[in-house]
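Join the two chains, each given in its own frame, into one complex according to the hints.
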Amino acid sequence: MTVREVTPRPLRFYGEGISYLKKVESKGSLVVVEGPDGSGRSTQIDLVTSRLEAEGHAVITTGLKRSELIGSGILEAKHKLPLGKKTLALFYAADFADQLEHKIIPALHAGYVVLADRYIYTLMARSSVRGIPRAWSHDLFGFATKPDLVFYLDVPPEELFHRVFQKYGSLDYYESGADMGLSDDLFESFVLYQRGIAREFEAMGPKYGIVRIDGGRPVAEVNSDLQRRIDDYLASR
Amino acid sequence: MAKKSVGSVGGPTGLRGRLVVVEGIDGSGKTTQLHLLDKWLRSLGLRVFFTEWNSSDVVKEITSKGKKKALLTPTTFSLLHATDFADRYERNISPLLEAGYFVLADRYVYTAFARDVVRGCSAAWVRKVYSFAVPPDAAFYFRVAPDVAMDRILEGRPKLKYYEAGMDLNLSNDEYESYRIFQSRIVEQYESMVQRDRLVVIDGTLDIERQQELMRQHVSRLTTPSKVSPEPGIGTEKEVRRR
Chain G
1 MTVREVTPRP LRFYGEGISY LKKVESKGSL VVVEGPDGSG RSTQIDLVTS
51 RLEAEGHAVI TTGLKRSELI GSGILEAKHK LPLGKKTLAL FYAADFADQL
101 EHKIIPALHA GYVVLADRYI YTLMARSSVR GIPRAWSHDL FGFATKPDLV
151 FYLDVPPEEL FHRVFQKYGS LDYYESGADM GLSDDLFESF VLYQRGIARE
201 FEAMGPKYGI VRIDGGRPVA EVNSDLQRRI DDYLASR
Chain C
238 MAKKSVGSVG GPTGLRGRLV VVEGIDGSGK TTQLHLLDKW LRSLGLRVFF
288 TEWNSSDVVK EITSKGKKKA LLTPTTFSLL HATDFADRYE RNISPLLEAG
338 YFVLADRYVY TAFARDVVRG CSAAWVRKVY SFAVPPDAAF YFRVAPDVAM
388 DRILEGRPKL KYYEAGMDLN LSNDEYESYR IFQSRIVEQY ESMVQRDRLV
438 VIDGTLDIER QQELMRQHVS RLTTPSKVSP EPGIGTEKEV RRR
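First to last, the protein sequences are chains G and C. Position 76, counted from 1, in the first sequence is what my numbering calls 76; the numbers after and before it change by one each time, with no gaps. Add 237 to the 1-based position in the second sequence for my numbering, that's all there is to it.
Excised from the complex, chain C in its bound form (with noise of 0.2 Å):
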């Protein structure tokens, strides 16, 4: 890919784009989380973009086509969330981080990472496909207990999505126990990452304004205009050498 650094033009500002991200399985809170670095993010006068997961208006409706249906396979599953990514990637995440942006995104290249490996794609695949995307300057990890999590999904929703679930990998057919077992190798997979793409461990059990502090703590120090040189990246180990 061309590899254009996160912030080696600048923006208007002067300021290098920051990119921050949550991860973290569903019900982990990364999403309140996020909104509430938004908030302050935009208090302190920053230009701020917020992207989320699997939500490009052009790949959303064949997706959602696939899905009801229940055909993806894991690959066209994989292959369609990076289709998904790619277009947020190069129409807002890429340009936006170029202008100076402070770009916020609810999941990354680690959600597709920790969800296709679970599915049944090769790992070091999932890596490659995504190898195009820019380290984030921080990256967030909730963690919390899959039992925790589901208690705060029921709690809102009591009906499970197919995918969600992990149903299309016949792991029971109770969905609530696909769910769990099905989010159990997704915390599996992060775990993992934490290391190896140094993820920064937030207590997702802890109180909400504790949380929020911890982040704006690691955040404020992206906060002001500095000539950072780019971080190794997240893709194969090939890619991190070429750079």
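Extracted from the complex, chain G is given alone in its bound form (with noise of 0.2 Å):
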């Protein structure tokens, strides 16, 4: 496979997108791959970057949380008082948007491939499962770029909750629903969280083309499944 030249198009939007930025055009690929912690994620990430590297293509990951910005606030803010639901929605997405324009839409426009660790389905499926109707949540994403193509790694919960624990030793607070008191038993709330979480995924699907990749399969099989969508994605284009 070879890089080609791309003809720069308009950047799509699911709303109302940014109407500041509507001349902005793209010649690179969003790529997102989606999944919750312990799926492979940044595993595959770290694989296909390596790949598309070294065919050539200019590639970068961006994740959540990681905004310069906003990201440690939203951490330390965590520590202190309870944040109340919408509260917690709308401060994720505000640190989404601060990526969003300062590094994904760049790094669109001068034609890298983004590999995106997370996005917005994360966020919507995250507030859903605490009560937050789906359709704010679509709405308040109104000014998120579609990406080209979305991978969801699918690993059953009991299955994740002894990934997790092997490589972190404990789990983390609000990836097993701590805040929901969904149970007593961190076990129990931990896959009751992410069956939760696998649902609202599932729900998602169709409506963004969310494309589910069996991640309970060996690394290597994971990523050629991931591998060989992408690449025919890239010839595509």
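Hint data in this document are derived by calculation from the structure and do not stem from the laboratory. If you're wondering where the values come from, they're calculated on a predicted model, not measured in any experiment. One or more of the hints may lead you astray.
[To be verified] Pulled a few chain C residues facing chain G out of the computed Cβ check, cut under 7 Å:
(1) THR310
(2) THR312
(3) LEU316
(4) LEU317
(5) THR320
(6) ASP324
(7) GLU327
(8) SER359
(9) ALA361
(10) TRP362
(11) PHE369
(12) ARG380
(13) ALA382
(14) PRO383
(15) MET387
[Stated by the list, open to error] Examples of chain C residues toward chain G, derived with CB under 10 Å:
(16) GLY266
(17) SER293
(18) VAL295
(19) LEU308
(20) THR313
(21) PHE314
(22) ASP321
(23) PHE322
(24) TYR326
(25) ARG328
(26) SER331
(27) ARG356
(28) CYS358
(29) VAL366
[Claimed, not checked] Straight line, CA to CA, 20 Å or less: simulated PhoX-like cross-link-like pairs of lysine-lysine:
(30) C:LYS297 to G:LYS65
(31) G:LYS27 to G:LYS103
(32) C:LYS297 to G:LYS85
(33) G:LYS22 to G:LYS146
(34) G:LYS103 to G:LYS23
(35) G:LYS27 to G:LYS146
By construction, the Cβ of each residue, glycine as well, lies at the ideal position given by its N, Cα and C atoms.
And the structure:
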């Protein structure tokens, strides 16, 4: 596969878009990898990055909670007073917007393949399981650019639990739904929460073109599946 | 959103909560008027809570950090203010209205509708973001010409703040000129909302006492217990129909 010259095209948005960026065009591609902690997202993104770079693509990765402006603040805020559901949802949206405008859109404009380690779908799923209407979340992210490809690494919650525990030795507070009072038992809470998130992704699938990838398979197998789909897309541009 | 209308439960006093907001550009006199109203309501023995735009402790630190660096885009600026609003809304405004309080807000969603749109955000989008907020029982808009407001502002504070002057919009290199243009555009947005959002217009050039008299006349009908049906939404039209 070779890197070809790509014709610039207008950015596509889910809703109203960003009116002051109407003239910005994209020569790049936005590929999103979604999935819970322990689903192998970062491993897969590393593998895909190496492969695409070897082929001569300019690749940049982005993730949630990485914005320089707001990112550290989010973590601090988590430990202070508990934030309300909508407050938290808007906080994450602000952080995402910062990355979108300062990193993702400039990279797309410059012709990069942007590999996003999570995107708005995780934020929408988290909000939704906490009782925020899907329609409001969808409207909120009306400024988000539509990705070219979205993958969801699907791994059964019981398997995730073991992977996360082996890697970190403990469970993340929010990722186990501890704020929701689902169960006194941490394992049960984790499983219930992750099932809820998985259900949200299933529900969002058709609307947002999310491709489910079986993440329970060996790393190499998942990777060849992902790589093939990404190669097919890049060749079709 | 879980649309519990204000007062559907009623407070311990049996009185439904009331939300009164003031809007207008800086220097329009709205804050002075709201303070006077606050004093009056307390003197009537009512439970009053006062809340101010952009004042959430949790959000303040992060917002001011970004502001200093002048790194905020119109969208992040808008969302951070929405975060601030949501924090005050979820923590104070909503529960206190449920508990039957008189909630006084120095700026409400209309400030976002005006400022964010002037900064270049889509009007429809901003309204959707704030669609969870209940419409106020009374929203006062203090109408003054930008020049008058600017004279009042500059009397007390010689230096204009970066975002306050709209310097991020590249309207002018001169911050006073930028401020003048920016405030004029905000006034245009407010004026366009008067009918749509049923803002009560107060002539901000009248005597302070006269303005307060007009406000109290309006608010006095809210100080007696009643079972008023919820007013139509300030959100999107879809939002209104759903209620």
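How the hints compare with the structure:
The beta carbon of THR310 (chain C) comes within 5 Å of a beta carbon in chain G, closer than 7 Å, and the hint placing it at the interface holds. For THR312 (chain C), the interface hint holds, since its Cβ comes within 7 Å of a Cβ in chain G; the closest pair sits about 5 Å apart. Because the closest C-beta pair between LEU316 (chain C) and chain G is about 4 Å apart, less than 7 Å, the hint holds. With its C-beta approaching chain G no nearer than about 5 Å, LEU317 (chain C) sits inside the 7 Å limit, and its interface hint holds.
Hint on THR320 (chain C) holds. Least Cβ distance to chain G is approximately 4 Å, under the 7 Å limit. With a least beta-carbon distance of about 4 Å to chain G, the hint placing ASP324 (chain C) at the interface is held under the 7 Å criterion. Taking 7 Å as the C-beta cut-off, the interface hint given for GLU327 (chain C) holds, the closest approach to chain G being about 3 Å. Taking 7 Å as the C-beta cut-off, the interface hint given for SER359 (chain C) holds, the closest approach to chain G being about 4 Å.
With a cut of 7 Å, the hint placing ALA361 (chain C) at the interface with chain G holds, because the nearest CB-to-CB distance is about 6 Å. The beta carbon of TRP362 (chain C) comes within 4 Å of a beta carbon in chain G, closer than 7 Å, and the hint placing it at the interface holds. The restraint placing PHE369 (chain C) at the interface with chain G holds, with a minimum CB-CB distance near 6 Å, inside the 7 Å limit. Look at ARG380 (chain C): its Cβ only gets to about 28 Å from chain G, farther than 7 Å, so that hint breaks.
At a threshold of 7 Å, the smallest CB-CB gap from ALA382 (chain C) to chain G is about 28 Å, leaving the interface hint violated. Because the beta carbon of PRO383 (chain C) sits about 23 Å from the nearest beta carbon in chain G, more than 7 Å, this interface hint is broken. The restraint placing MET387 (chain C) at the interface with chain G is violated, with a minimum CB-CB distance near 26 Å, outside the 7 Å limit. For GLY266 (chain C), the interface hint is violated, the least distance from its beta-carbon to any beta-carbon of chain G being 30 Å, above 10 Å.
The interface hint given for SER293 (chain C) holds, since its Cβ lies 8 Å from the closest Cβ of chain G, which is under the 10 Å cut-off. A least Cβ separation of about 5 Å between VAL295 (chain C) and chain G falls short of the 10 Å threshold, and the interface hint therefore holds. Given hint, LEU308 (chain C) at the interface with chain G, holds; its Cβ is 6 Å from that chain's nearest Cβ, closer than 10 Å. Proximity of THR313 (chain C) to chain G holds as hinted, the smallest CB-CB distance being about 5 Å (cut-off 10 Å).
At about 9 Å, the closest approach between the beta carbon of PHE314 (chain C) and any beta carbon in chain G falls short of 10 Å, and the interface hint on this residue holds. This hint holds: ASP321 (chain C) has a C-beta 9 Å from the nearest C-beta of chain G, less than the 10 Å allowed. The interface hint given for PHE322 (chain C) is met, as the beta carbon of that residue sits about 8 Å from the closest beta carbon of chain G, less than 10 Å. For TYR326 (chain C), the interface hint holds, the least distance from its beta-carbon to any beta-carbon of chain G being 7 Å, beneath 10 Å.
Checking ARG328 (chain C) against chain G: minimum C-beta separation of about 7 Å stays under 10 Å; hint holds. Among the interface hints, the one on SER331 (chain C) holds; its C-beta lies about 9 Å from the nearest C-beta in chain G, closer than the 10 Å criterion. With a least beta-carbon distance of about 8 Å to chain G, the hint placing ARG356 (chain C) at the interface is held under the 10 Å criterion. A distance limit of 10 Å between C-beta atoms decides the matter here; for CYS358 (chain C) the minimum to chain G is near 7 Å, and the interface restraint holds.
Checking VAL366 (chain C) against chain G by beta carbon gives a least distance of about 6 Å; that is within 10 Å, so the hint holds. For a cut-off of 20 Å, the pair hint linking LYS297 (chain C) to LYS65 (chain G) stands: about 18 Å separates their Cα positions. The hinted pair formed by LYS27 (chain G) and LYS103 (chain G) meets the criterion: a straight-line CA distance of about 14 Å does not exceed 20 Å. With a C-alpha separation of about 18 Å, the suggested pair LYS297 (chain C) and LYS85 (chain G) falls inside the 20 Å cut-off, and the hint holds.
Using a Cα cut-off of 20 Å, the hinted pair LYS22 (chain G) and LYS146 (chain G) holds, with the two alpha carbons roughly 14 Å apart. This hinted pair checks out: LYS103 (chain G) and LYS23 (chain G) have alpha carbons roughly 17 Å apart, not beyond 20 Å. Note on LYS27 (chain G) and LYS146 (chain G): the hinted pairing holds, with a Cα-Cα distance of about 14 Å set against a maximum of 20 Å.
Hints 12, 13, 14, 15, 16 from the list above are not met by this structure, while the remaining hints are.
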